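Visitor: The sequence shown begins at 4 in our numbering and counts up by one.
It is worth saying that the hints were derived from the structure and are not from the lab. On a predicted model such as this, the values are computed, not experimentally measured, just so you know. It cannot be assumed that every hint is accurate.
Claimed, not checked - Pair by pair, the computed Cβ-Cβ distance ranges are:
| # | residue 1 | residue 2 | range |
| --- | --- | --- | --- |
| 1 | Ala98 | Glu298 | 26 to 36 Å |
| 2 | Asp775 | Asp54 | 46 to 56 Å |
| 3 | Gln186 | Val211 | 11 to 21 Å |
| 4 | Leu669 | Arg595 | 20 to 30 Å |
| 5 | Gln186 | Gly239 | 14 to 24 Å |
| 6 | Glu401 | Asp245 | 33 to 43 Å |
| 7 | Asp455 | Phe111 | 40 to 50 Å |
| 8 | Glu621 | Asp455 | 47 to 57 Å |
| 9 | Arg833 | Leu669 | 24 to 34 Å |
| 10 | Arg595 | Gly516 | 38 to 48 Å |
| 11 | Phe111 | Gly62 | 27 to 37 Å |
| 12 | Glu298 | Arg198 | 33 to 43 Å |
| 13 | Asp455 | Ala431 | 18 to 28 Å |
Unchecked claim - 25 Å max Cα-Cα, derived DMTMM-like pairs, lysine to aspartate or glutamate:
| # | residue 1 | residue 2 |
| --- | --- | --- |
| 14 | Lys602 | Glu206 |
| 15 | Lys799 | Glu617 |
| 16 | Lys807 | Glu632 |
| 17 | Lys525 | Asp751 |
| 18 | Lys464 | Asp751 |
| 19 | Lys799 | Glu690 |
| 20 | Lys531 | Glu504 |
| 21 | Lys602 | Asp202 |
| 22 | Lys525 | Asp548 |
| 23 | Lys807 | Glu617 |
| 24 | Lys799 | Asp581 |
| 25 | Lys334 | Asp317 |
| 26 | Lys602 | Glu690 |
| 27 | Lys334 | Glu401 |
Every residue, glycine too, gets a C-beta built ideally from N, C-alpha and C.
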Amino acid sequence: MVVGHGMVGHRFVEALRARDDAGAWRITVLAEETDAAYDRVGLTGYTEHWDRALLALAGNDYAGDDLVDLRLGQRVTSIDRAARTVKTADGTAFAYDALVLATGSYAFVPPVPGRDLPACHVYRTFDDLDAIRADAARARETSRAPVGVVIGGGLLGLEAANALRWFGLTAHVVERSPRLMSQQLDDAGGALLSRMIADLGIEVHLDVSTDAITPAQRNRPLRRSEEDDSLRVILGDGSFIDAGVVVFAAGVRPRDELARDAGLAIAERGGVLTDLGCATSDPSIYAVGEVAAIEGRCYGLVGPGYTSAEVVADRLLGGAAEFPEADMSTKLKLLGVDVASFGDAMGRTPDCLEVVVNDAVNQTYAKLVLSDDAKTLLGGVLVGDASAYGVLRPMVGEQLPGDPMALIAPAGSGGAEGGLGVGALPAAAQICSCNNVTKGDVTDAIAGGCCDVPGLKACTKAGTSCGSCVPLLKQLLEAEGVEQSKALCEHFSHSRAELFEIVSATEIRTFSGLLERFGTGKGCDICKPTVASILASTSSEHILDGEQAALQDSNDHFLANIQRNGSYSVVPRVPGGDITPEQLILIGEIARDFDLYTKITGGQRIDLFGARVEQLPEIWRRLVEGGMESGHAYGKALRTVKSCVGSDWCRYGQQDSVQMAINLELRYRGLRAPHKIKMGVSGCARECAEARGKDVGVIATEHGWNLYVGGNGGMTPKHAQLLAGDLDDETLIRYIDRFLMFYIRTADRLQRTAPWVEQLGLDHLREVVCDDSLGLASEFEAAMARHVEGYSCEWKGVLEDPDKLSRFVSFVNAPDVPDPTVTFTENAGRKVPVPIGMPSIRPLQETP
Numbered sequence: 004m005v006v007g008h009g010m011v012g013h014r015f016v017e018a019l020r021a022r023d024d025a026g027a028w029r030i031t032v033l034a035e036e037t038d039a040a041y042d043r044v045g046l047t048g049y050t051e052h053w054d055r056a057l058l059a060l061a062g063n064d065y066a067g068d069d070l071v072d073l074r075l076g077q078r079v080t081s082i083d084r085a086a087r088t089v090k091t092a093d094g095t096a097f098a099y100d101a102l103v104l105a106t107g108s109y110a111f112v113p114p115v116p117g118r119d120l121p122a123c124h125v126y127r128t129f130d131d132l133d134a135i136r137a138d139a140a141r142a143r144e145t146s147r148a149p150v151g152v153v154i155g156g157g158l159l160g161l162e163a164a165n166a167l168r169w170f171g172l173t174a175h176v177v178e179r180s181p182r183l184m185s186q187q188l189d190d191a192g193g194a195l196l197s198r199m200i201a202d203l204g205i206e207v208h209l210d211v212s213t214d215a216i217t218p219a220q221r222n223r224p225l226r227r228s229e230e231d232d233s234l235r236v237i238l239g240d241g242s243f244i245d246a247g248v249v250v251f252a253a254g255v256r257p258r259d260e261l262a263r264d265a266g267l268a269i270a271e272r273g274g275v276l277t278d279l280g281c282a283t284s285d286p287s288i289y290a291v292g293e294v295a296a297i298e299g300r301c302y303g304l305v306g307p308g309y310t311s312a313e314v315v316a317d318r319l320l321g322g323a324a325e326f327p328e329a330d331m332s333t334k335l336k337l338l339g340v341d342v343a344s345f346g347d348a349m350g351r352t353p354d355c356l357e358v359v360v361n362d363a364v365n366q367t368y369a370k371l372v373l374s375d376d377a378k379t380l381l382g383g384v385l386v387g388d389a390s391a392y393g394v395l396r397p398m399v400g401e402q403l404p405g406d407p408m409a410l411i412a413p414a415g416s417g418g419a420e421g422g423l424g425v426g427a428l429p430a431a432a433q434i435c436s437c438n439n440v441t442k443g444d445v446t447d448a449i450a451g452g453c454c455d456v457p458g459l460k461a462c463t464k465a466g467t468s469c470g471s472c473v474p475l476l477k478q479l480l481e482a483e484g485v486e487q488s489k490a491l492c493e494h495f496s497h498s499r500a501e502l503f504e505i506v507s508a509t510e511i512r513t514f515s516g517l518l519e520r521f522g523t524g525k526g527c528d529i530c531k532p533t534v535a536s537i538l539a540s541t542s543s544e545h546i547l548d549g550e551q552a553a554l555q556d557s558n559d560h561f562l563a564n565i566q567r568n569g570s571y572s573v574v575p576r577v578p579g580g581d582i583t584p585e586q587l588i589l590i591g592e593i594a595r596d597f598d599l600y601t602k603i604t605g606g607q608r609i610d611l612f613g614a615r616v617e618q619l620p621e622i623w624r625r626l627v628e629g630g631m632e633s634g635h636a637y638g639k640a641l642r643t644v645k646s647c648v649g650s651d652w653c654r655y656g657q658q659d660s661v662q663m664a665i666n667l668e669l670r671y672r673g674l675r676a677p678h679k680i681k682m683g684v685s686g687c688a689r690e691c692a693e694a695r696g697k698d699v700g701v702i703a704t705e706h707g708w709n710l711y712v713g714g715n716g717g718m719t720p721k722h723a724q725l726l727a728g729d730l731d732d733e734t735l736i737r738y739i740d741r742f743l744m745f746y747i748r749t750a751d752r753l754q755r756t757a758p759w760v761e762q763l764g765l766d767h768l769r770e771v772v773c774d775d776s777l778g779l780a781s782e783f784e785a786a787m788a789r790h791v792e793g794y795s796c797e798w799k800g801v802l803e804d805p806d807k808l809s810r811f812v813s814f815v816n817a818p819d820v821p822d823p824t825v826t827f828t829e830n831a832g833r834k835v836p837v838p839i840g841m842p843s844i845r846p847l848q849e850t851p
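Please put together the full structure from these sequences, using the hints given.
Guide: Printed below as a string of structure tokens:
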């Protein structure tokens, strides 16, 4: 009998059934929730699609397995140890030979006065998130500045704050301790995380308690038809926050009430006390997961929970497995910020040493905890950039292969990402902590015939839980000499670069033609937009011509960026940031007439947000008639060329950076590529255009221009590197032509220039671009000349073609009917969208 069907309960059933070849055990699972086991670790993902089925764990219904009886919505109310039965809320009794408690934990709500008021929630289940969303919607409707407060600044609290942002609320996080994620991060790491999260617009209140929650004080009496459940959160320092939603995320407590009532031994701090075999004080009852206090300690991570499930499965089949020392390492991405901790992250080992790299400029923090002789890695903390986690975590307890500082030095300076790899790890190093898979287990599987990541996952279970170890699996395959397929997807055995060469050589101009000759099947959402990009890069045909229109992703489909509520943005090109008064007036008039939100971007142009799909043609008609054109903000193409005022106005300016930026943007506008491209031109070394943060950066010198390449944002921001110096205008443009065409021709799908340059090596790139070592320079320059000559504004092409115009409607049978799901609210006086989840492609639909 299994009580509870969360992630660990499901894992126990899977483990027992996988090992029980003789079918000795018949399993009954009684679950309180009406949803079968789902990925509670990824619960926040539910807010992106509101589809519970997408988070369901594989095989959670045990279809076709006659030895497993799953009963949902059956809350167990008591255990009769003498009779060996459990009773459910409807009075049904179930007999057991062995009982496994997998009841997990519940969200702890501190004894704050007012915690039971409406609009107070916890963040634990699907139903909780549904209730939070409903109250968030009410808060948006009744408040000009809708606010949500999260009490608790741990992992779950930050996820809850992110969810509130998705719901269109301004989020506040209130944390009693002096830092966020106090269980995983030290003071310096927590401080950096606080700054980064505050930069995202989330208010962080540290080292302060929550004293009470009361109904908010209203500035006016409510009308009879109105309801207002808004609250006032009173903090320990005397301040308060008025909010529409309050979420408690102050930790969890084991659900041990069944065990308590049955007289089982309970640990001092809660949880069902067990031995290393996960057996309770009653030898026929076991406890696994968060409810189990193994030798007095509860573990709140899925990895140790899975291990406890495996231990009990082994014990029930006559084994003698014991719970090992748990790996409490964590790696996650919170609101786009990488965070990781592993081993003795807090440095509690006596006489331990610490090595720290704290880069406030690039917002990264890394700390290693070492033994007193600096030879053994004990643990560490990573914030901002956790790319070294995969190699560092398995090394905990092992002797270091070299200088500790080199392990956390920034990439490109001899650090772990650039030098140390999985080859340095011993066979006993743990690759997957969730499933207790070592490097030796993986290499044995490779030796046994596993030749790709899916095969390794199926064979070892590594990478099947949180997925953070999947990059290591690929690295191990490469380290063991197993050549990895470079196939774009299951429909093409070629890489993107190979398909580019095929298209160029054969002059095939349709996806169906390419698929028929060089692929199989019907294509997918990987190969279709990739081939569409290649076709656009090798000709000047309109991307919505003929068959190409059906290949585009959601943004290119409507030549606009889809926003979180299903509306679209309009971004006219402003070359180099240079704009006339007439164009400014035109943009303002359009924004006023269509009630659009306007934002001046970091790329020196004006974005207009909130347009419905059927409004796009008329907006662009007015822009095109006013002399403006598409800014390609929706495409994997050149976005912007940022400039300072240069020698025209600045007393430090050494070259005309504005004119150079205009020339570059007009030359490369509409250039399709594996990923978006941004450029910058600075008139002197003071770098006001931030050119070294761009894919192509140009900085003026006394003698001409310095050319930098491979700088950009993304998951791991990179500074551009100097390719050539003191170039005249003609040579500069020639080198940029070659660089861009080489990138477009050889980069992988969705590969930014930074990792592409790092992969090639700067010296090799310089030989190709500057020295023409491959003899391709004239070919690159000719291809760019064809692009420049054939360019035309994509929106102008739409306006001139009735067939293309016909796609810009919300409903095919009612072209003039706007989409009723596109709605807005206000936040601090700004117009903001009411999110509908994470939008994907929105195909034309019929009205109900």
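Visitor: Hint by hint, note whether the structure agrees.
Guide: A quick look at each hint next to the structure:
Between Ala98 and Glu298, the C-beta spacing of about 30 Å keeps the proposed range 26 to 36 Å intact. For the pair Asp775 and Asp54, the beta carbons lie near 53 Å from each other, so the given range of 46 to 56 Å is met. In this structure the hint that Gln186 and Val211 lie 11 to 21 Å apart at CB holds, the actual value being about 18 Å. In this structure, Leu669 and Arg595 meet the distance hint of 20 to 30 Å, their C-beta atoms being roughly 29 Å apart.
Taking 14 to 24 Å as the suggested C-beta distance range, the pair Gln186 and Gly239 conforms, at roughly 21 Å. Checked against the given bound of 33 to 43 Å, the beta carbons of Glu401 and Asp245, roughly 52 Å apart, lie outside it. Separated by about 43 Å at the C-beta atoms, Asp455 and Phe111 satisfy the suggested range of 40 to 50 Å. In this structure, Glu621 and Asp455 meet the distance hint of 47 to 57 Å, their C-beta atoms being roughly 50 Å apart.
Arg833 and Leu669 have their C-beta atoms about 33 Å apart, which keeps the hinted 24 to 34 Å range intact. In this structure, Arg595 and Gly516 meet the distance hint of 38 to 48 Å, their C-beta atoms being roughly 47 Å apart. At about 31 Å, the CB distance of Phe111 to Gly62 agrees with the hint of 27 to 37 Å. Between Glu298 and Arg198 the beta carbons are some 39 Å apart, a value that agrees with the proposed interval 33 to 43 Å.
Range check, Asp455 to Ala431: Cβ separation about 24 Å, and the 18 to 28 Å hint holds. This hinted pair checks out: Lys602 and Glu206 have alpha carbons roughly 22 Å apart, not beyond 25 Å. For the given pair, Lys799 sits about 16 Å from Glu617 by alpha-carbon distance, which is consistent with the 25 Å threshold. For the suggested pair Lys807 and Glu632, the alpha carbons sit about 17 Å apart, so the restraint of at most 25 Å is met.
A distance of roughly 21 Å separates the Cα atoms of Lys525 and Asp751; the hinted pair therefore holds under the 25 Å criterion. The straight-line distance between the Cα atoms of Lys464 and Asp751 is roughly 28 Å, outside the 25 Å bound, and the hint therefore fails. About 35 Å separates the Cα atoms of Lys799 and Glu690, which puts this hinted pair outside 25 Å; it is violated. The suggested pairing of Lys531 with Glu504 holds, with an alpha-carbon distance near 17 Å, which does not exceed 25 Å.
A distance of roughly 17 Å separates the Cα atoms of Lys602 and Asp202; the hinted pair therefore holds under the 25 Å criterion. For a cut-off of 25 Å, the pair hint linking Lys525 to Asp548 stands: about 20 Å separates their Cα positions. Among the hinted pairs, Lys807 with Glu617 is consistent with the structure: their alpha-carbon atoms are about 13 Å apart, no more than 25 Å. As the CA atoms of Lys799 and Asp581 are separated by approximately 21 Å, the hinted pair is consistent with the 25 Å bound.
Of the supplied pair hints, the one linking Lys334 and Asp317 is violated, its CA atoms being roughly 29 Å apart against a limit of 25 Å. Distance hint between Lys602 and Glu690 is fulfilled; the C-alpha atoms sit about 23 Å from each other, no more than 25 Å. Note on Lys334 and Glu401: the hinted pairing holds, with a Cα-Cα distance of about 20 Å set against a maximum of 25 Å.
The structure shown violates the earlier hints numbered 6, 18, 19 and 25.
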